[in-house]
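K.L.:
Take a look at the letters that make up each chain.
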Amino acid sequence: MTTGAPGIFFDGETSIRRAVWVEIDAASLAIRGAEIGEILARWPYSQIEQISAPEGVMRLGRAGKGSFARLEIRDPAVADTIERLGSSIVARRAGAGHARAVLWMITAAILLLAVGYFGVPALSDRLAPLMPNRVEGKLGAAIDAQVRSMLDAGRSDKSFDCGVADDETPGRAAFDKLMPARGGSRAADCATRHRGAPKRGERHCVAWRTYLRVCRPHR
Amino acid sequence: MMGAIDAIDRARSSRAADSLGHAGEVHFLGTATIFRRILIRGAVLLLLTLGIYRFWLVTDIRRFLWANTRIAGDGLEYVGTAGELLLGFLMAIAILIPLYAAVFISALDLGLIRRVAGILAFALLALLGQFAIYRARRYRLTRTVFRGLRFHQTGSAWRYAVCALFWWVMTIVTLGLAYPWGQASLERYKLSHTFYGNLGGRFEGSGTQLFVRGFLMWLLVVGPSLIGVALAIRAVDWAPLAEALSRGGDDVLDKIEGASPGFAAGLVLALFAFVLSGLFAAALYPAFQALALRWWTSGVRFGEIAMASRLPTASIYRIYFRLLWYSLLLGLVVVAVALIAWTAVGLLDGSAGTSKPAEFVQTVAFIGIFIVTALAYSTMYQVIVKLSLWRLGFESVDITGLAALDRVKAVAQSSTAMGEGLADALNVASY
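So the sequence lines, in the order shown, correspond to chains A and B. With this note's numbering applied, the first sequence covers 1 to 219. With this note's numbering applied, the second sequence covers 1001 to 1431.
One or more hints might be untrue.
Claimed, not checked - Per the computed footprint, the stretches of chain A lying under chain B, defined by three or more beta-carbons under 8 Å from a beta-carbon of chain B, are:
#1 54-62
#2 100-108
What the hints assert, rightly or not - Every beta carbon over 12 Å from chain B, so not counted as near; a handful from chain A, in silico:
#3 G4
#4 D11
#5 R18
#6 I24
#7 A26
#8 A34
#9 G37
#10 I39
#11 P44
#12 S46
#13 Q47
#14 I48
#15 T81
#16 F118
#17 P121
#18 A174
Unchecked claim - Cβ-Cβ distance ranges computed for the label pairs, FRET-style:
#19 R1407(B) to G119(A): 24 to 32 Å
#20 L130(A) to Y1100(B): 20 to 28 Å
#21 I1034(B) to A26(A): 31 to 39 Å
Please keep in mind that the hints were generated in silico from the structure rather than gathered at the bench. The beta carbon of each residue, even a glycine, is placed where N, CA and C say it ideally should be.
The whole structure should be built from the sequences, with the hints applied where relevant.
P.N.:
In structure tokens, the structure reads:
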């Protein structure tokens, strides 16, 4: 059975728009020039894909990359016939063929959440003891410098650090004593190393707490 | 509440469908209904896939916009795929992660490197951002097919990035005065390296033209700030102020006020001027957008093909008023839902949300409402602003010299989505 219908054809080599006569048979479409009737192309249904187009227009192309030859059918009845005969024509339209991809994406999302919730804490628990003290100290010093530049405006005549004023030294000494000794308190060492000359500043304990968090001895 | 828009939309699209095959005109045949369906489904899937669906959503949006745009009776076609975009994104991540790691490690250094690391990283990312914009444009062009031929773009993305960065610095230094010439220069570069098949493009808009048309707007936006700052500087007595500041100590503001009585008045004046500038900027933005779009469209040439835009400014204002109106409605809905959720948690718990589980539920509800609101707003913005701008931008174009379309030949060219991925990762992507 062969039927025919008018269409518009672009050969993919030039931008010329050709009025064509499309012959529709059971296995393929033959595209003939409308005037002379020469065959311009023959597309088997298995190699055709349907491309997104406005409503009322059927746009077809050769499947696979690199070929942009296009056939447009603007008669809905003819479009129906082609769709019925060429059941293997793949639709490349918005949302078409997404279902499997979406399932993969949801799986990936669940995996990502699992890695974030279980994997990262487990990994950091194993990595933290391997971190050399030198690197950890450097990190602490960098953060210390950042915290100071943010908080220590240097406008108050009180010290920025805790435990250096006369009435605070006994408390500080007691605190140092409480820290587990391993060649002296590491927290105190760390603090002393990075404190430098006492600066004028408000009595914030933020810097001190940062030391404790960053420089505290390992468990 | 979307019913009225749909009715207008249908009327418009059926009108456009009547003129499906007319040459010399540009039409957009898509309806807001279908676009909204794509976006709402996309928003739900974005939520379910933690955002991975974005590559598929962007591809769907482009297919819809391209396919429904008909120039001289023939439709555009987007042939890019979501897989390409995903791959491009992964490539961009592979470039950016070592870069961020290097910046992080150099920030640990205490010396000079730490101080310049931030500035250097910012400059590098700005350069990469412009590079990505150019490469993303190349990707989109090579995936755009019209009449069986694709577009492509040549030129060096690095050269473009350096030029773009130079013009942005000039624009900032001159408080925006250099913007027209910068845009003209960058558009000339972009379009002279843009091809449809073997037909080369060029840009004929001039910076001076844009400057003349936009100067009044610039004056209204930047003028108040400049005057305010100038008046504030005159109102303050600087010599005693500097002395007060150098003395340091607590209560700096009190000392300043004591040293220079005009300071507070000057500060208020400057603040008022900035607010005035901001108000003018917000009120004039749609007008500027219309002006810039008209200027750009009218400057585009491909061989003998020339374009002219008759985009009415009022229509851009209408789009933004509609956005404002729907944003208000969305805000009301969100507030209502949040209130209901808050009351429900309080009722269930009895102790009005102080216990641990109640706190957890509240946090989850808050995050959930935030994400859903953000997605809803983005969907609304795309349907109201982006779709309307796309439609208006294309439908207000008159094209002449279309006879040249019958002589264009194909040129083999392709491009990876790496630039697009980079643009996506650096948040400079569009459409």
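K.L.:
Now, for every hint given, state plainly whether the structure supports it.
P.N.:
Cross-check of the supplied hints:
Counting residues of the stretch 54-62 of chain A whose C-beta sits closer than 8 Å to any C-beta of chain B gives 5, which meets the bar of three, so the coverage hint holds. Counting residues of the stretch 100-108 of chain A whose CB lies closer than 8 Å to any CB of chain B gives 5, which reaches the minimum of 3, so the coverage claim holds. G4(A), annotated as away from the interface, keeps every beta carbon of chain B farther than 12 Å; the closest lies near 20 Å. Annotated as non-interface, D11(A) brings its C-beta within 12 Å of a C-beta of chain B; the closest such distance is 6 Å.
Here R18(A) does not stay apart from chain B, with its beta-carbon only about 10 Å from theirs, under the 12 Å limit. Separation of I24(A) from chain B is adequate, the least Cβ-Cβ distance of about 21 Å exceeding the 12 Å criterion. Chain B leaves A26(A) outside its interface by the beta-carbon criterion, the shortest separation being 27 Å against a cut-off of 12 Å. A cut-off of 12 Å between C-beta atoms confirms that A34(A) is not in contact with chain B; the least separation is 15 Å.
Consistency note on G37(A): stated as away from chain B, and its beta-carbon is indeed over 12 Å from all of that chain's, at 21 Å minimum. Every CB of chain B is more than 12 Å from the CB of I39(A) (nearest about 17 Å), matching its label as outside the interface. With 12 Å as the threshold on Cβ separation, the claim that P44(A) sits away from chain B holds: the shortest Cβ distance comes to roughly 19 Å. Separation of S46(A) from chain B is adequate, the least Cβ-Cβ distance of about 20 Å exceeding the 12 Å criterion.
Separation of Q47(A) from chain B is adequate, the least Cβ-Cβ distance of about 16 Å exceeding the 12 Å criterion. Every C-beta of chain B lies more than 12 Å from that of I48(A), the closest at about 15 Å, which supports listing it as non-interface. Look at T81(A): its CB is around 21 Å from the nearest CB on chain B, clear of 12 Å, so calling it non-interface holds up. Annotated as non-interface, F118(A) keeps its C-beta farther than 12 Å from every C-beta of chain B; the closest such distance is 16 Å.
With a cut of 12 Å on Cβ distances, P121(A) stays outside the contact zone with chain B, its closest approach being about 19 Å. In this structure A174(A) is separated from chain B by more than 12 Å, as the shortest Cβ-Cβ distance comes to about 31 Å. For the pair R1407(B) and G119(A), the beta carbons lie near 60 Å from each other, so the given range of 24 to 32 Å is not met. Taking the beta carbon of each, L130(A) and Y1100(B) are about 22 Å apart, inside 20 to 28 Å as hinted.
Separation of I1034(B) from A26(A) is about 33 Å and conforms to the stated range, judged on CB atoms against 31 to 39 Å.
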